[in-house]
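S.K.: As a plain string of letters, each chain reads:
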Amino acid sequence: MGISTGSPTRTADADLLTMISAGGPFPRVIVSPGDVEAQFSLPSRLFNIADAGQLPVILLTNLWTGENLFTAPEYDASELAPIDRGPRVTPEDALAGPLDYARYLMGRSAPFAVPGTPGAGHIVRGGNFVVADSADDPRGRGSYSELPGDVKRLTEHKHAKLALIADMLPKPQLITPAGKSDYQGVSGGDIGLIVWGSAVHPATEAQAKLAEHADVLQLRTVYPLRQHAEQIRSFVRQHARVAVVEQNFEGQLRETILKECYSTPGTVVPDLGLINRYDGRQMTAEDILEAL
Amino acid sequence: MEFVRFNGVEFPYHPEFYGEQSPFGHLPLEDAVETSFQLGQQTFTYQRIPEEKRPYPNLEMGNAANMCLGCGHIGISQGLADALYELQIPPWLVMATSGIGCGGKWSSDIGQMLDDPLHRVYGAHVTHGQSTSSGFARGVIQPGLLNIMGGGDGDIASIGLAYLHNVIASNVNGLVFSMTNNVYGLTKGQPSRTSEKGRKDRRMTAALEMEPLDLVLEALAISGATFVARTLSSDRKKTRDYFMAAILHPGCAVLDIISPCVTWNMSQNAGYWKPLLFEMATGNYQDVVVDLEKHLDGKFDPTDRATAEFVYRRLTEAGKKPVGLVYYNKDSVSFQQDHGLRAERPIGNLTSAELTLSQDDLGKM
Ligand SMILES: Cc1ncc(C[n+]2csc(CCOP(=O)(O)OP(=O)(O)O)c2C)c(N)n1
Ligand code: SF4
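Chains L and A are the protein sequences, given in the same order.
With positions in the first sequence counted from 1, the corresponding number in this note's numbering is that position plus 315.
Numbering follows this note's numbering, with no gaps: position 268 of the second sequence is 262.
Keep in mind that the hints were calculated from the coordinates and are not lab data.
Check the hints yourself; a few may be wrong.
[As the list claims (entries may be wrong)] Selected chain L positions facing chain A (in silico; Cβ < 7 Å): (1) Leu361; (2) Leu375; (3) Pro388; (4) Tyr390; (5) Ala392; (6) Asp399; (7) Leu420; (8) Met421.
[Unchecked claim] Straight-line Cα separation of at most 25 Å, DMTMM-like style, residue types lysine to aspartate or glutamate; simulated pairs: (9) Lys358(A) with Glu352(L); (10) Lys473(L) with Glu461(L); (11) Lys358(A) with Glu461(L).
The structure displayed is predicted, hence computed values, not measured ones.
Glycine included, every Cβ here is placed at the ideal spot set by N, Cα and C.
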């Protein structure tokens, strides 16, 4: 969340591709809650993901969800994940004995020290340059380096961190006419709708109005998708007609699904339909029914 | 909780941290002697710990960041290290934030080359132009620590200008320094926003047509800085003194430090600048602008913003490069003081229990 984009004071879910590439090639997680309940319950989990992987987690929402009145069940604090700040060293740890502090450990998240912790001073990497532990720096303190070997190892280290948090990412939600659950791979029917953002509301409304059996797969983690690729492919296989329903022109989620779930050589690329609306207004169930 | 204010930083005083038994080096506050130094006619005082009792060494960098020999930036980092040494601020209470550029490398270097982990500062080498915005955030979540933001003039005054303006206006406690070489050094000498009008080197197809941005004027007249000074990097002692005064100042101090780039802006070396410099406190105004001396009643007063701006403009119009303490608000109140922010527990060290919302908290909201 942050910058506002698109048609001013109107709505869309059209920032996925921007967010995937914004700021350069570093790993990130992008989550779209889609409804107000999830907007309440998900962020606590997202903070934990950010701390566990020490990487940015981006929450995408839209104007329509933020500016409307909804009736929702009373917020229940027990739905919130207890905050877990990940590995850290504190001033108290420093008192207990000298810290042989390593900020940079390749392939994992090293303990984080807040400024003010004695003996854990370090340089935070950022921008275009890197710090890395290397043969000269076996203790992983990190130092300035532009050497090709260091840049390469650091890049690999950054990207390897996604694997650390893959299990924590919010899973695809299956919404059948009977109700909601994490997708377990058992569903099937005539129509499958894959949604993200506030398109979930018209999709479930259309589902109820359709004569055929329709299932909705709501993606909350919208990037990366590799860790959920098997579920997504199985959902697509088990439905006769599948469309991605989203509120942008390009079909940004559809593009991301094809790239992340169907790009291994030999994979058969499915016929994924696109139902989209991009006039700055929230999509309706009628839009979907008409397109189907 | 008991807080200590010591040479521009404020920290909760744990005897285990700073007392005689401290495993981190005993900070002998009891031996500190109140000491003064002058910038022009202005006097600044600090608590001086005698050299033989200082727990922390000079964090001077070893040029591990591969700067060109003779680069003005090296002298600036040394001046900063000297100031930290003189003020004896524990290195772990120092947050050093820089952007990208040759002028961004100091934060990776200062103290980082020393073997003792206790001598390392908290450096952040952030995105080009974002040293002030990132530094502001660090200053708010760690209100008592020493917040140093700095980079090249490209970083601070070109791409970072909008952030600089707001950070100065916020008066967040800390200091912003620009290593002003009037080019983009790291990317091989392109003109920056401070390059002079008419500049043309052999790789430019046309001369620059825009008036340069004057960082001092920007800070003084537009952003409303509470402390603005300019100096030349080649005088290490002076650079140290300006850094010390900036650190002691409650609020956002701005230092524009002229720093020759010996590789891409050879003509603007120290020899080029020296005849143009005009010391605001001691210069002979009569020689430059005839009516100024009369206007100033014989003495330039850097504590009045309107006078400072007027005099500064007249001097620049006369072709001079004014240096010295240009403006200084004695009654400055920092953002942190104004908002009652104190360094009891940094947000980063709050525990899981403290951060988890209960149904009760929810009800109250
Ligand atoms: C966002 C962004 N834009 C542009 C660059 C390219 N770049 C790197 S350093 C630099 C300018 C350096 O000039 P300055 O900040 O004055 O520092 P100096 O090298 O002169 O000390 C530029 C434009 C970048 N790294 N990031
Ligand atoms: S290119 Fe210029 S600014 Fe950069 S290190 Fe060399 S002399 Fe200094």
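S.K.: Answer holds if the nearest beta-carbon of chain A is closer than 7 Å to that of leucine 361(L); otherwise answer violated.
M.R.: Since the shortest Cβ distance to chain A is 13 Å, the answer is violated.
S.K.: Less than 7 Å between beta-carbons is the criterion; does alanine 392(L) satisfy it with respect to chain A?
M.R.: This interface hint holds because 4 Å falls under the 7 Å limit.
S.K.: Can the restraint linking lysine 358(A) and glutamate 461(L) be considered satisfied, given a maximum Cα separation of 25 Å?
M.R.: violated, 51 Å
S.K.: Minimum Cβ distance from leucine 375(L) to chain A below 7 Å?
M.R.: violated, 22 Å
S.K.: Are the Cα positions of lysine 473(L) and glutamate 461(L) separated by 25 Å at most?
M.R.: Cα-Cα ~16 Å, so holds.
S.K.: Take the shortest C-beta to C-beta distance between aspartate 399(L) and chain A; is it under 7 Å?
M.R.: The hint holds - aspartate 399(L) has a Cβ within 7 Å of chain A, the shortest such distance being about 6 Å.
S.K.: Under 7 Å is the threshold here; is the Cβ of tyrosine 390(L) close enough to any Cβ of chain A for the hint to stand?
M.R.: Since chain A brings a Cβ to about 6 Å from tyrosine 390(L), closer than 7 Å, the hint holds.
S.K.: Grab the minimum C-beta distance from proline 388(L) to chain A and call the hint holds if it beats 7 Å, violated otherwise.
M.R.: violated, 13 Å
S.K.: Have a go at the methionine 421(L) hint: is there a Cβ in chain A nearer than 7 Å to its own Cβ?
M.R.: Violated - the Cβ of methionine 421(L) stays beyond 7 Å from chain A, reaching only about 19 Å at its closest.
S.K.: Given the hint that lysine 358(A) pairs with glutamate 352(L), test it: the Cα-Cα distance must not exceed 25 Å.
M.R.: holds, 19 Å
S.K.: Mind checking the CB of leucine 420(L) against every CB in chain A and telling me if the closest is under 7 Å?
M.R.: Since the shortest Cβ distance to chain A is 15 Å, the answer is violated.
Going through the hint list in order, the structure does not satisfy hints 1, 2, 3, 7, 8, 11.
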